[in-house]
Every structure is written in structure tokens, then in C-alpha cells.
Amino acid sequence: MRPRTVGAWLVWGAVTFFLVHLAGVIGSVLVNSFGRRWFDTWLPQGWTTQWYASAWTEFGLLDVLVVTLEVALLVVAISVLVGVPASYVLARRSFPGRRLVYLLFLLPILMPPITYGIPLATVLYKYGFAGHLAGVVLANLVPSIPFVILTMTPFIEQIDQSVERAARMCGARTWQIFVRILAPLLVPGILAASILVLVRTVGMFELTFLTAGPDSQTLVVALYYSMSAAGIRAQQSVDAMAVLYTSSMLVLLVIALRFVNPTQLVARVKEEPD
Amino acid sequence: MSATDTNQRAPKTNTSARTAWRHRLAERGMDRQLLLLIPGLACVLALFVYPFAYGIGLSFQPAQGGVFGAYREFFTDAYQRDTIATTLGLALPAAILNVAASVPIAYRMRGRFRGKRLLTTILVVPITLGTVLTAEGLLNYLGPAGWFNRALMATGLTGEPVRLTNNYWGVFFSLVITGFPFAFLLILSYLSGIDPTLERAAATLGAGRGQRFRRITLPLLAPGLATTFCLTFVLAFSVFPSAVLVGDPAGTTRVVSIAAYHAAYEAYDYPLGSAIAVVMGVVELVVVAVVLGLRSLLYTGATGGKG
Numbered sequence: 001m002r003p004r005t006v007g008a009w010l011v012w013g014a015v016t017f018f019l020v021h022l023a024g025v026i027g028s029v030l031v032n033s034f035g036r037r038w039f040d041t042w043l044p045q046g047w048t049t050q051w052y053a054s055a056w057t058e059f060g061l062l063d064v065l066v067v068t069l070e071v072a073l074l075v076v077a078i079s080v081l082v083g084v085p086a087s088y089v090l091a092r093r094s095f096p097g098r099r100l101v102y103l104l105f106l107l108p109i110l111m112p113p114i115t116y117g118i119p120l121a122t123v124l125y126k127y128g129f130a131g132h133l134a135g136v137v138l139a140n141l142v143p144s145i146p147f148v149i150l151t152m153t154p155f156i157e158q159i160d161q162s163v164e165r166a167a168r169m170c171g172a173r174t175w176q177i178f179v180r181i182l183a184p185l186l187v188p189g190i191l192a193a194s195i196l197v198l199v200r201t202v203g204m205f206e207l208t209f210l211t212a213g214p215d216s217q218t219l220v221v222a223l224y225y226s227m228s229a230a231g232i233r234a235q236q237s238v239d240a241m242a243v244l245y246t247s248s249m250l251v252l253l254v255i256a257l258r259f260v261n262p263t264q265l266v267a268r269v270k271e272e273p274d
Numbered sequence: 001m002s003a004t005d006t007n008q009r010a011p012k013t014n015t016s017a018r019t020a021w022r023h024r025l026a027e028r029g030m031d032r033q034l035l036l037l038i039p040g041l042a043c044v045l046a047l048f049v050y051p052f053a054y055g056i057g058l059s060f061q062p063a064q065g066g067v068f069g070a071y072r073e074f075f076t077d078a079y080q081r082d083t084i085a086t087t088l089g090l091a092l093p094a095a096i097l098n099v100a101a102s103v104p105i106a107y108r109m110r111g112r113f114r115g116k117r118l119l120t121t122i123l124v125v126p127i128t129l130g131t132v133l134t135a136e137g138l139l140n141y142l143g144p145a146g147w148f149n150r151a152l153m154a155t156g157l158t159g160e161p162v163r164l165t166n167n168y169w170g171v172f173f174s175l176v177i178t179g180f181p182f183a184f185l186l187i188l189s190y191l192s193g194i195d196p197t198l199e200r201a202a203a204t205l206g207a208g209r210g211q212r213f214r215r216i217t218l219p220l221l222a223p224g225l226a227t228t229f230c231l232t233f234v235l236a237f238s239v240f241p242s243a244v245l246v247g248d249p250a251g252t253t254r255v256v257s258i259a260a261y262h263a264a265y266e267a268y269d270y271p272l273g274s275a276i277a278v279v280m281g282v283v284e285l286v287v288v289a290v291v292l293g294l295r296s297l298l299y300t301g302a303t304g305g306k307g
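So the sequence lines, in the order shown, correspond to chains F and A. If you read the first sequence in UniProt numbering, its first letter stands for residue 1, the second for the next number, and so on. If you read the second sequence in UniProt numbering, its first letter stands for residue 1, the second for the next number, and so on.
Please keep in mind that the hints were generated in silico from the structure rather than gathered at the bench.
Pulled a few chain A residues facing chain F out of the computed Cβ check, cut under 7 angstroms:
| # | residue |
| --- | --- |
| 1 | LEU36 |
| 2 | GLU136 |
| 3 | PHE237 |
Glycine included, every Cβ here is placed at the ideal spot set by N, Cα and C.
One chain only, chain F, in its complex shape (with noise of 0.2 angstroms):
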């Protein structure tokens, strides 16, 4: 072990200076959601898990939950089905226009969604998508698609050729090689992808905000409307609700990590031997 020097000391204060407020921030939304009263002191003073159960009939959160579960999963299963074929093709082949079919793919990631929201949603309501289910997931369809495809490549790209190759050898077809030697092989990739898709479908709140009609919202839209109509509202349940929020996405996350090193989504990462 090295002497700490300096520098490190800074690091290391910065990093705790960031985790301490983050903390805070969260503490103060769990603390205050299991709080009976809360104005001037440290801490509540009383306790109490009502707010929960008000979060749940005032806000129908049933229902919140049912069409996020509905909308996520839509994404998760067109987008992988979709994203998966195009991603191989990407990563493998060169053909006259990849770069141009690449750039296609990457910018809908790389514009902030309100700039294409607004179109979208716009078109959306004029062929009578939006408002519904269906305006809902054919938003988020457009983050997610080039998603799987950025998130896909390199899993593909770890698959050894040849045994592609070999299929072939013995007679196999495309979709043959699709569905008996490249998904099973995948399928930690599609995972990892269909897992991130679900976080940031349940995470995304721009493009559901602009599509969503009053019986086709999401949980952080449903969130978001109580929040700005604060005041109506106990702010204690609001915050049950976002700890509700939260602790799903936490949930997601976890497993989303079992399966995938988040540093590993850029560069295959060179471990330093120990």
C-alpha cells in the first residue's frame, strides 16, 4: 500500500463530500415519508406508515403500476426483438451507408428527448396514437431501439466467428443461426440489454409526459402531476410515492448489475492482473 498523498485525500473527500449529500437528499424523502409531522426539528415526531396507504388510494397506484409494468415490458420486447437483428448486422458486416445507418441509430440517443418529443407527440396525436398505451410505447420505442443496438454490440462482437461459420458449414440457415447458435449465446447480452431498457422506460420521463393521456401514465408521470400539484396534496405521500418509485428502480438495478458491469458497456475492461 502506497502512502496517501494529497491527492488522494482530495479524491477520497470529494467522493464522501457527494455520497454524504446524496444521502441527504434521499434520507430526507424516506425519512419525511414515514413521518407523522415534520417542521422544525431534526426529525419527525412521530412515525407512521399511513402515508402509504393513502399514496395508494389517492393517487390509484395500482393502476400507475399496472400500465408501467404494461409500457416497460411493450419496450422491452419490440425493442430487443427489433434492436437485436439490426445490432448484429452493425457489427458485423460492412456494406456501402454503415456509417450513415450508424449515425441514423446513434442520434436519437444523442438529441435531448423534448427536441424530438415534441414532433413525435405531435404526429402521435395526429394519427391518434397518443394519449393511449400505444402513443406511450411507440415514444419510448425511439431511446430504447438505438439503446439495445449500442448495448448489443459488443456482446457480439465477443462471439467467435467461426462457430457461425461452422453452422453454416453444416447446412444452417440465418434465422437457424439467429435462433440455435446466436441467442443462446446472447442471451447474457439480452439480458443486460432488456434490463437497462426497463430502467429507462420506467425511468423516462419526457417522452411519457408528452404522449401519456390521463388512464396511460407512468409512475414518474403520475409522480411528477402530484409534485407541480403540490399543496392539494400531502407532501408526505408524495414522498411515499417516490420512495415507492425508487426503491423498484433500486430493485431493477440490482439485478440489472448481477448481469452486467456497468464499466463493461463502453470497453471490455482490461482487469490489472493482482
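On the provided structure of chain F, position chain A as indicated by the hints.
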């Protein structure tokens, strides 16, 4: 006789011409496997390119003021025009801080140590918080009766609460909380992608810590830095919920996205809304282009990672 002969041969030459054509395409890399791209391309074209083109078209058809009416309306009204400066004033410092703080921290953590996975997991948490919960948390924590101000007053640093919410700082902090972990993870992965033997080679040649960082790691990291900056900037640039919830949406944190939203969904002026969205996209692409242009002035070879 000869007539039937040609009749029989005609379809054959046709098929062989078609195979030749297919072969020639296959030589250039075009074959039926490319059809796998079609669903993806169709989705992007129908859901991204077409609406965008439609929005651009709509922005040139305002109710009054001719072709450029909506743009003129946006740029002549100081209340609308200043939103661009407000957004850049929030997004650029936040993105720069996030990237600048990530580099030394990630540099320090690129090796292996105990608890690295736990620490990266903790740092991923804020990404999942989403802007809405962050906003709620900031209101509680930094508010006049929140823990932060209580701690400041208890230690006697200030006599009265510091105002950190419902203004510029609230939005800025929310951008740091959501943006920093994201920038950190990306930079950490780029740093881990750089071959550690390069730095060891430099060390054998007598380069000190500072020299190794400046002459070896930093140039190799430059493309990753540029990409990370762009992604973090995009994230910060589209700030919408936090600007409304922890900011001062009518004044100091009236960002472009709020202006666009108001125009399109509260004033029902779709041409103006689309025009603002287009302006927003252009400003954002200009910043990204400048950053990528600066990056191309530096080293542009292979970096080990995907630059």
C-alpha cells in the same frame, strides 16, 4: 427451330444475369442478411426522422408572419430568446464540473480494490433516482428547514437559512446529482479500457506520475472525454422536470424545454413549439460539433476502448 431455341434459353440467361447481379452486390457487402436491418431502420425512420421532418415543416408554417414567422417570434422576444442562454448557463457548467470531477476520481479508482463493485453500485443509484425524486429530495434536504441548513446553522456557519432551492442552484445540484455518476461510470470504463502496460512502459522510461498522466493517459482518454462530455451535456441540456420543480420556472431557470413545452401544450402554438424544438436541437448539435471538433485536433488513433 432457332426460335424455340431462343425461347428456351431466354429464362436461363435471365436467372444467370440475376445471380451475377446478386454476386456483384454480395461482393460489395450487400446481401439478404442486410434485410435484418429493415425493422430497426423502419422504426427509426417512422418514429424519429419523419416526426422531426414534420416538426421542421410545421415550424415554417406559423399562423402569421410568413415562413420564418415562428423563428422571428422566438428570437425577437427577449423572454423567449434568453432561455437559450439560461439553458447553456446551467448545462455547460454542470457538464464541465461532472466530467472534470470524474477524471481524477476515476483515475484513482481504475485499479482493483476491495469494495469497488459496491462503490460503483452506490454511484449508479442516482441515475435511477430520476429527476423527479431528486427534485423532491433536494426540496426536502436543502430547503429552509432541511437538514443541510439545520447543520449549517447548528455549526454557526450562517445565521439564517441559505436559499438553495427554487433558484439556479437547486437545478444545478440536481444536474450534478444525476449527471456526475453517469459521467463517472463512462470515464471509469474508458480509463479501464486503456492498456495499463503503456503506463508501466512510461514508468520504466523514468516518467513521473504527473508526466504519465499528462503524456500517456490523457491523450488516450481524450476521445472518451469528448464522448462523455457530449452525453452529459445532452442530459443536462434537456433539463425539464427539475427546472420546473426545484427551479424558478418563470424566471432564472426558464430553460428552452420549458419554453417549447409552453408554446406547444399550453398555448397550442405547434409551429412555435416545433421551431423552439428545432432551435434547441441546433444549439445542442453545435455544442456537440464544437467538442468533437476540438477532440479531432488531438490524438486520433486506436485507444483500446471504443472511443
